[in-house]
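One-letter residues, chain by chain:
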Amino acid sequence: MKALILVGGFGTRLRPLTLSFPKPLVDFANKPMILHQIEALKATGVTEVVLAISYQPEVMLNFLKDFESKLGIKITCSQETEPLGTAGPLALARDILADKSGEPFFVLNSDVISEYPLKEMIAFHKSHRGEASMLVTKVDEPSKYGVVVTEESTGKVERYVEKPKIFVGNKINAGIYLLNPSVLDRIELKPTSIEKEIFPKIVSENQLYAMVLPGYWMDIGQPKDYITGLRLYLDSLRMKSPSMLASGAHIIGNVLVDESAEISDGCLIGPDVAIGPGCVIESGVRLSQSTIMRGVRIKEHACISSSIIGWHSTVGRWARVENMTILGEGVHVCDEIYSNGGVVLPHKEIKASILKPEIIM
Amino acid sequence: MGMTTTDERAVAVIMVGGPTKGTRFRPLSLNIPKPLFPLAGQPMVHHPISACKRIPNLVQIYLVGFYEEREFALYVSSISNELRVPVRYLKEDKPHGSAGGLYNFRDLIMEDNPSHIFLLNCDVCCSFPLPEMLEAHKRYGGMGTILVIKVSPDTAYQFGELVADANTNELLHYTEKPETFVSDRINCGVYVFTPEIFTAIQGVSTQRKDRANLRRQSSFEALQSATRSLPAEFVRLDQDILSPLAGKKQLYTYETMDFWEQIKTPGMSLKCSGLYLSLFRYTSPRLLTEGDGTKSATIIGDVYIHPSAKVHPTAKIGPNVSISANARVGAGVRLINCIILDDVEIKENAVVIHSIVGWKCSIGRWSRVQAEGDHNAKLGVTILGEAVNVEDEVVVINCIVLPNKTLNVSVQQEIIL
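Protein sequences appear in the order of chains V and B. Position in the first sequence (first residue = 1) + 370 = the working numbering. Position in the second sequence (first residue = 1) + 1013 = the working numbering.
If you are wondering where the hints come from, they were derived from the structure by calculation, not from laboratory data. By construction, the Cβ of each residue, glycine as well, lies at the ideal position given by its N, Cα and C atoms. A couple of the hints might just be wrong.
As the list claims (entries may be wrong) - Taking lysine-lysine pairs in the DSSO-like style, the calculated list, with each CA pair at most 30 Å apart, reads:
id : chain 1 : residue 1 : chain 2 : residue 2
1  : B       : 1277      : V       : 726
2  : B       : 1107      : V       : 533
3  : V       : 669       : B       : 1107
4  : B       : 1373      : V       : 560
5  : V       : 726       : B       : 1418
6  : V       : 508       : V       : 412
7  : B       : 1391      : V       : 726
8  : B       : 1360      : V       : 560
As the list claims (entries may be wrong) - A few chain V residues that don't get close to chain B, going by computed Cβ distances all over 10 Å:
id : residue
9  : 401
10 : 436
11 : 439
12 : 514
Take the sequences, apply the hints, and build the full model.
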């Protein structure tokens, strides 16, 4: 089977992290975001994944060679030279997706994390024999998304409304599709929106079916949702593979620690923390609801909550970092500094406290 | 009677800095090394380089910095051709300090056996009166001559303050960024030396090595001196050479009466672009554009327009505007005090004031991109990074916008990542 992952463009909402790496390679729970999806696809038996990108293929291709050999799955990049929207990239990758097997192919959005019940989705797709299947999830504020109204028993989609102004339903398009190759015949190689142009047509022909996603779903394309997403992901990990989480007197709740990270005495870590490879957490450090990326050093007595600390940064002794502080790559926060929601671009040194949320270039 | 010495060759060294040092020049430095950012239509480093060309018997120019060689390869090749003087980029492998960097490349510099070595900082904006400095230096007969300028006393503390003898111009006292007022004459970051400078720098290194050895024997010494943590080959020009040698009849000063600024931020680059445009009016007026609105656009004041740029005749441009290659300025556009970079498209009736519009930006019809124009304030000049799209009728005031963003609603006083 084949799959296409819509990676898209510049990832500006995840700046400053995306100033150092393209968004799919930004780590989430100690793994590049895109690796979560590629692994889920591989487990379902997908043999080839196409990444639809518009930006920085060279950086991506280097990483992908690595994943290809480790995972045993073929990964290619399909680069659009002009913006093709959310459907156009499928037409661009047509030759790979519409292979002779006639099997349906997956389409995923790179910003989404979930439990990826892809085997169940394949079974669902076979059972209804429609042209297209979509996963939907229940949310509190549906008007930000594409709302899907289905027939209860079959899952057949009766209406698909993008960002409705009045309440239509609370199930939204989770951005995970399983499509028959015939869908490709509906898409021209030009800027096209799958949500606004393709799906409504398929719905009108009664060919779109939706399955409700069990478990969590999150669009982690911006820092606030990234932090919430980590909590949901770790909750799910607790239920599925609790041995992967850290344990000990210094751990509260769900904490993921890479085996090459060092944590000294007197620390209190958690809940909802991910500590990446090569990190050094010195003694007396408190971490909660935060992501500490590869190669970071947190010095003694520092306290970090609800923040993202970018690759190879250092946080000084007695520093207090909280309230959605995002440190880009290689940022150095001096001793005793306080950061309240600072958003710091790569390679800056923070010598003065940041008292209210602000961007430091 | 006898032959005059003709073998007085000069070599110029321009310090260009490096990538991680210049975070103050973001967001423009996210796309281009600061020394290559255009001021008055030419890369920043072009201005000191073309000033060096006026030095008699100049045989070589070295650019020294921490950037990768490939970032300067194209530029040095084309400028060497254009100005018919060899320009070469040298990458420092590690920080040596402002004087140590010069010393690090002394063999190359001395290859041409120069009698005089000019040292300039790339991010200094001034008229570079180098031939005059050289003449003065020869008269003084010292080891080095420093370009100085008088500034207002309340700003002097930001720089190196100097005291010079009113008659002999000898440097009597030098102190870097003092807390109390010393002098209103400051160091411009432009110097001319004789090769004795290398001996002086080596002396500092040796002295430091000796002290380090001594310190192993004396714990009292170990408690003193801020330089104990500096490696021997890290030599700073200001603290290690100028300060100690002041008052020893080796260093002299030459005062410039023209403008002088440091180009540390994008806001200052806009101001300095204007200063260089006004300098062009005296040195190379053919580079500036004229126009009265009949066959070509109305031009007010000093304006540079690259020959490949297209400007509609109903547009009004200036004062202090630079327009780079392949930019397109539509009908009825008004541009005041701004830098428009390559491939920008400005659509009809748009207005741009006190701003820098990055490469490939698109400025919509009737949109307004402006700022208060305070070159020193963080948001005093609006900066649009590469490929920013400002949609029709949108107003952007006092903002910094990072590359690849689209602005479809008006915004004020913000940094947009």
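Status of each hint after checking the structure:
For a cut-off of 30 Å, the pair hint linking residue 1277 of chain B to residue 726 of chain V stands: about 26 Å separates their Cα positions. At roughly 55 Å between alpha-carbon atoms, residue 1107 of chain B and residue 533 of chain V are farther apart than 30 Å, so this suggested pair is violated. Between residue 669 of chain V and residue 1107 of chain B the CA atoms are separated by roughly 26 Å; this keeps the pair inside 30 Å, and the hint holds. Among the hinted pairs, residue 1373 of chain B with residue 560 of chain V is consistent with the structure: their alpha-carbon atoms are about 22 Å apart, no more than 30 Å.
The straight-line distance between the Cα atoms of residue 726 of chain V and residue 1418 of chain B is roughly 24 Å, inside the 30 Å bound, and the hint therefore holds. Using a Cα cut-off of 30 Å, the hinted pair residue 508 of chain V and residue 412 of chain V holds, with the two alpha carbons roughly 26 Å apart. For the proposed pair residue 1391 of chain B and residue 726 of chain V, the alpha carbon gap of about 17 Å is at most 30 Å, so the pair holds. Of the supplied pair hints, the one linking residue 1360 of chain B and residue 560 of chain V holds, its CA atoms being roughly 25 Å apart against a limit of 30 Å.
Under the 10 Å C-beta cut-off, the non-interface status given to residue 401 of chain V relative to chain B holds; the minimum distance is some 24 Å. At the 10 Å boundary, the C-beta of residue 436 of chain V stays outside the reach of chain B, the nearest C-beta of that chain being 24 Å off. Distance to chain B confirms residue 439 of chain V as a non-interface residue, since its nearest Cβ pair spans about 29 Å, more than 10 Å. A cut-off of 10 Å between C-beta atoms confirms that residue 514 of chain V is not in contact with chain B; the least separation is 17 Å.
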